[in-house]
Structure formats: C-alpha cells, structure tokens
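Colleague: Line order of the protein sequences matches chains E and D.
Each residue of the first sequence is one higher than the one before, starting from 1 at the first, in the working numbering.
Each residue of the second sequence is one higher than the one before, starting from 1 at the first, in the working numbering.
Hints may be right or wrong, so weigh each one.
[As the list claims (entries may be wrong)] In silico DSBU-like cross-links for lysine-lysine, where the CA-CA straight-line distance does not exceed 35 Å:
hint, chain 1, residue 1, chain 2, residue 2
1, E, K132, E, K52
2, E, K170, E, K198
3, D, K32, E, K128
4, E, K52, D, K32
5, D, K32, E, K110
6, D, K32, E, K76
7, E, K25, E, K170
8, E, K225, E, K198
9, E, K110, E, K128
10, E, K52, E, K225
11, E, K25, E, K110
12, E, K225, E, K170
13, D, K32, E, K132
14, E, K198, E, K110
15, E, K110, E, K170
Just so you know, these hints were derived from the structure itself, not from any lab.
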Amino acid sequence: MLRVENLHIGYGQIEILHGVSLDVKENEIVAVLGANGAGKSTLIKTLIGWLKPRSGEIYLNEEPIQQLPPWQRIAKGIGLVPETGRIFRDLSVEDNLRLGAYLQSEAIIKEQFQVVYELFPILAERRKQTAKTLSGGEQQMLAIGRAMMSNPRLLLVDEVSMGLMPILVKRVLQVIGELRNHQVSVLLVEQNAYEALKIVDRAYILENGHLVLQGTPQELQENPKVKAAYLGG
Amino acid sequence: MDFAQNLSNAIILGCTYLLMAAGLTMVYGVLKVLHIAHASVYTIGAFVGVLVYSWVGNFWLSLLIAMIFSGVFGILIYRFSYYYLLDVPRTVPLIASIGLFVMLTDLLQKPFLMGPYQRAFPAGGAGLPRIDTPWFSITSKQLLIFSVTIVLMVLVYLLLTRTRIGLGWQAASLDREMAAAVGINLNRIIALNFFIGSALAGAAGVLVGIYNNSVFATMGDLPSYKAFIIIVLGGMGSLPGAILASLLLAIVENFLVASIGYVLPRDSIAFLVLILMLMFRPHGLLGQE
Ligand SMILES: Nc1ncnc2c1ncn2[C@@H]1O[C@H](COP(=O)(O)OP(=O)(O)O)[C@@H](O)[C@H]1O
Ligand SMILES: [Mg+2]
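Kindly produce the complete structure, drawing on both the sequences and the hints.
Modeller: And the structure:
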C-alpha cells in the first residue's frame with residue numbers, strides 16, 4: 001500500500017529525519033512511535049505533501065507520489081487526520097464532513113455520511129452545529145470522520161491522542177483500530193506508545209531521526225529498551 | 001425629504017464600494033494579501049467597457065465583456081505575481097501589489113492605451129426607468145447600479161454558499177493547507193477567486209464610469225484606498241462585514257458631506273471613519289481576532 005524509501009526531511013538548514021524507510025501493507029495498521037519532537041509530524045507532513053523531502057521516495061501502490069500536490073494524493077486514496085485535528089472551526093459539522101469528500105461523487109458522499117455517522121453517532125446529532133462548539137474529543141472524531149468521508153485506502157493519523165483525556169484516548173484509538181473493517185490501511189504516529197500498541201499490527205520506533213526498531217506490539221512490549229523508554233518501565 | 005434622498009444616494013454609492021470591496025475581501029480571505037492592484041482591474045474594466053460600448057452601443061454586452069476581461073486579467077495578476085509569493089511573509093505580496101498598481105496605472109496612461117484624458121461613457125441608464133416618490137428620486141443610472149449590484153451579489157452569494165466549489169473556497173479561506181489535504185486544488189480555487197473578484201471590480205468600473213460619464217487612467221486611485229478602508233472596517237476577509245462596511249461608509253460620507261462638507265472633503269471623512277473605528281473596534285465590524 002505505502003512504501004517509503006530512505007526519506008531525508010528537514011527545515012531550512014536542519015535535517016530532522018535522516019533516511020527513513022517503512023511500509024504499510026494492505027489493511028494493516030502501523031504506528032510510528034516517538035517522543036515529542038522526534039519528527040513524527042514532519043513525516044506525516046511529507047507524506048501528505050505539505051513538505052518536500054530532500055531525497056527519498058514515496059510510493060502508493062508502487063506508484064511514486066512525492067511529486068504530486070496534496071489534492072492529487074487525496075484523489076489517489078489517502079486521507080489525513082492532522083495533528084490537532086485542524087477541523088474547519090467556523091463551518092458546520094456537516095460541511096466539514098462534506099469537505100472531506102470534496103472529490104467524491106454525490107452517491108459516495110451519501111454512503112460515506114452513513115458510514116461516518118455510524119462510526120460517530122454524536123456527529124449526526126451535532127451535524128448542524130458549528131464545529132468549534134464541539135468538545136475536544138468530538139472535534140477529534142470530526143477530524144477522523146472528515147478523513148473517512150473520501151473512503152480512503154490509506155489513512156494518515158497524526159497523534160489523535162494529543163490533548164485528550166485518557167478515557168477519550170482509549171476510545172478514539174479503539175475507533176481507529178476498528179477501521180480495519182473498512183478496508184483501510186492506517187499509518188498512525190503516536191507519542192502514547194502504551195495505548196497505540198494495543199491497536200496496531202506493527203510499529204516502528206523513531207529516535208534521533210532514524211527508525212531504530214520495528215516489530216509486532218508483543219515484540220516491542222517485551223523489548224527492555226522500549227519498556228524503559230516508552231512504556232514507563 | 002432630504003434624509004430619504006441622502007439615504008438613497010448613499011445606498012447607490014455603497015453599491016459601487018461593495019462591488020470593489022467584495023473582490024478584495026475574497027482575495028484577502030484566501031491569500032491574506034491586501035490586493036491594492038485590484039483598483040487597476042477596476043480601471044481596466046471601465047476602459048474595456050467604454051471601448052466595447054463605443055463599438056457595439058449595447059450596455060449589457062459591454063458590461064459582460066468588461067467583466068470577463070477583468071476576470072481573466074485578475075487571474076493573470078495572480079499567476080504572474082502572488083502565485084510566487086504564497087509562502088513568504090504577507091508584507092511581500094502587499095508591496096508587490098502596490099508596485100503592480102503604480103505600474104499598471106502608469107501603463108494605462110500611455111497614449112496607446114487610455115492616455116491622459118477622460119472618455120465619456122454615455123450609456124445612460126441602459127433604458128431603465130427613473131423612479132420618483134414624494135420622498136426621494138432614483139435616476140435611471142442609479143437604478144442601474146443598484147440592480148446590477150444586487151444581481152451580482154446574489155449570484156456570488158449563491159455560488160459561495162450553495163455549491164461545492166463555494167464550500168471549497170470557504171475552507172481555503174479558513175485553512176489553506178488543510179483545504180489542500182481534503183482534496184481541494186488550491187490553484188484552481190484561487191484562480192476562480194481572482195476571476196470572480198476581478199469581474200466584480202470590472203463591473204464596478206463600468207458602472208462608475210457610466211455614472212460619472214467619465215473613464216480615465218487614474219480613476220482607480222480613490223477606490224484603491226476606499227476599498228482598503230472598507231475591508232479593514234468590515235473585518236479583513238469577512239464578506240458580510242464588507243457589505244455592512246460599504247453601506248456604512250457611504251452613508252456616513254453622504255450625511256457628513258451634507259452637513260459638514262465645507263469643513264472636510266468627502267475622502268478625508270472616509271479616513272476619519274476608519275480611525276474612529278479602529279479606536280473602538282480594532283477587529284472591524286464583523287472581524288474576529
Ligand atoms: N516548521 C518548522 N520549522 C523548523 N523546525 C521545525 C518545524 N516544525 C517542526 N520543527 C522541528 O522539527 C522537529 C520535529 O518536529 P515534529 O515533526 O513536529 O515532531 P513530533 O511531531 O514528533 O513531535 C522538532 O525539533 C521541531 O522543533
Ligand atoms: Mg507532532
């Protein structure tokens with residue numbers, strides 16, 4: 001589904017990621033775990049096309065996409081849940097969702113509204129409300145719902161747990177885990193390794209600009225280094 | 001009696017401000033640029049309008065062609081200037097815009113374009129009637145300005161609120177980057193934005209040209225800063241704010257000129273309003289911090 005080869009990414013003079021390679025297979029949920037400032041968002045921004053890599057390749061279904069502007073990547077089946085959600089605060093919940101399906105036909109929009117309202121019944125209840133009046137957790141759900149509206153094949157998720165109460169973190173990550181049933185692959189970047197490892201098939205650990213480890217949740221949970229650094233001993 | 005007449009005159013004046021300010025607001029909304037060169041588009045619209053009118057003698061056709069020409073010209077301005085300045089601090093495109101305005105005004109004054117003189121634009125009221133009531137009168141030219149403005153603004157309103165591309169435009173003015181990440185082709189949205197905004201400015205040029213029966217190369221000087229005042233008053237990028245501010249400014253101008261016009265000329269009144277406004281509502285009438 002997604003294959004990333006030796007990406008070098010930075011801002012100005014400073015290079016943040018020094019050659020990152022990873023892959024996400026069909027229907028797989030993969031996490032990139034790393035501390036605050038490790039470069040997780042930098043990776044996501046590059047995958048969606050907000051940021052140009054200095055070198056390296058990005059393939060979606062074996063097709064190189066790093067030259068495409070963001071909207072064409074969306075057209076090819078990527079969906080994004082960005083850091084902090086970035087919902088369109090002054091628009092209604094429904095308009096936010098509609099925007100998520102900007103490139104879709106009316107028929108698909110109709111279907112996807114059902115899918116999303118089923119995933120998040122609260123959004124159906126609030127559909128006429130201005131997005132900024134939603135609570136923090138509801139806003140994250142709206143951000144996920146918006147990304148799901150295009151019926152994506154690959155969902156990029158940047159730290160949905162950020163700023164949420166622990167109970168909501170669980171709930172929101174659980175929903176992402178359930179996306180498995182919608183034939184969507186997920187690349188999730190997270191600081192909260194403990195909760196993320198519960199829902200993913202595989203994870204990478206990002207440190208000092210390199211992916212230093214990868215494995216199944218079980219392998220990582222048993223790794224003493226991971227335990228010490230990411231799982232609180 | 002005087003009051004009603006002043007008010008109706010003010011509303012007509014407000015309509016011309018509004019057509020200018022709407023385009024400027026739309027550009028500001030998406031690009032966060034104060035597009036001063038918008039006033040050049042206004043002049044060019046009037047120029048194209050008067051030329052076409054002198055060939056075909058039909059107001060509606062000259063309005064249509066002037067609007068299309070202005071719209072395309074607006075897209076070219078975007079493509080050859082602001083397009084390259086999307087990711088630099090917002091003062092850079094502002095300065096580029098001022099430079100562009102000065103350059104275009106100079107260019108338009110060249111003898112092979114408009115030259116230094118005024119042209120008459122004798123389209124009259126395009127056949128619309130004159131309205132007389134016991135309280136006020138509306139000349140056929142005024143009725144023309146009023147009805148064209150209303151029709152155009154309703155069309156723009158419907159486009160922005162009832163269509164997918166309008167929703168995309170709203171999203172792009174709230175968060176350009178995120179808009180791109182839901183699949184919006186920003187270049188296309190911005191080009192459309194310039195087309196519509198510039199076509200409105202062109203219409204304003206044509207209407208004012210007809211109203212004053214005069215079209216000349218520097219006719220954009222005054223609207224350049226008036227429109228600027230209006231979008232600041234209205235709250236940068238808020239379309240309802242710009243509508244309100246256009247009418248308000250025109251009303252205040254008209255009534256103050258009628259009462260204290262011998263002390264302050266009309267155009268300094270506009271700035272006085274701006275300064276007072278910024279003292280009491282620094283984010284404009286409907287602006288947000
Ligand atoms: N726009 C930017 N310009 C310069 N440096 C940045 C920018 N965004 C992030 N950085 C730096 O890049 C590093 C990685 O940031 P980020 O990718 O946001 O980390 P994470 O998402 O893992 O917390 C940090 O040191 C941060 O300061
Ligand atoms: Mg981050």
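Colleague: Run every hint past the structure and note whether it holds.
Modeller: Right, here's what the structure says about each hint:
For the suggested pair E:K132 and E:K52, the alpha carbons sit about 31 Å apart, so the restraint of at most 35 Å is met. A threshold of 35 Å between alpha carbons decides the hint, and for E:K170 with E:K198 the separation of about 9 Å falls inside it, so the pair holds. A hinted pair counts as satisfied when its Cα atoms are at most 35 Å apart, and D:K32 with E:K128 qualifies at roughly 28 Å. Restraint check for E:K52 and D:K32: the C-alpha separation of about 23 Å stays at or below 35 Å, so the hint holds.
As the CA atoms of D:K32 and E:K110 are separated by approximately 34 Å, the hinted pair is consistent with the 35 Å bound. For the suggested pair D:K32 and E:K76, the alpha carbons sit about 30 Å apart, so the restraint of at most 35 Å is met. For the given pair, E:K25 sits about 24 Å from E:K170 by alpha-carbon distance, which is consistent with the 35 Å threshold. Distance hint between E:K225 and E:K198 is fulfilled; the C-alpha atoms sit about 18 Å from each other, no more than 35 Å.
Between E:K110 and E:K128, the direct Cα distance comes to roughly 16 Å. Compliance with the 35 Å bound is thereby established for this hinted pair. At roughly 32 Å between alpha-carbon atoms, E:K52 and E:K225 fall within 35 Å of each other, so this suggested pair holds. Restraint check for E:K25 and E:K110: the C-alpha separation of about 28 Å stays at or below 35 Å, so the hint holds. Pair hint E:K225 plus E:K170 holds up; C-alpha atoms about 24 Å apart against a cutoff of 35 Å.
A hinted pair counts as satisfied when its Cα atoms are at most 35 Å apart, and D:K32 with E:K132 qualifies at roughly 22 Å. Straight-line distance between C-alpha atoms of E:K198 and E:K110 comes to about 32 Å, which keeps the hinted pair within the 35 Å bound. Pair hint E:K110 plus E:K170 holds up; C-alpha atoms about 29 Å apart against a cutoff of 35 Å.
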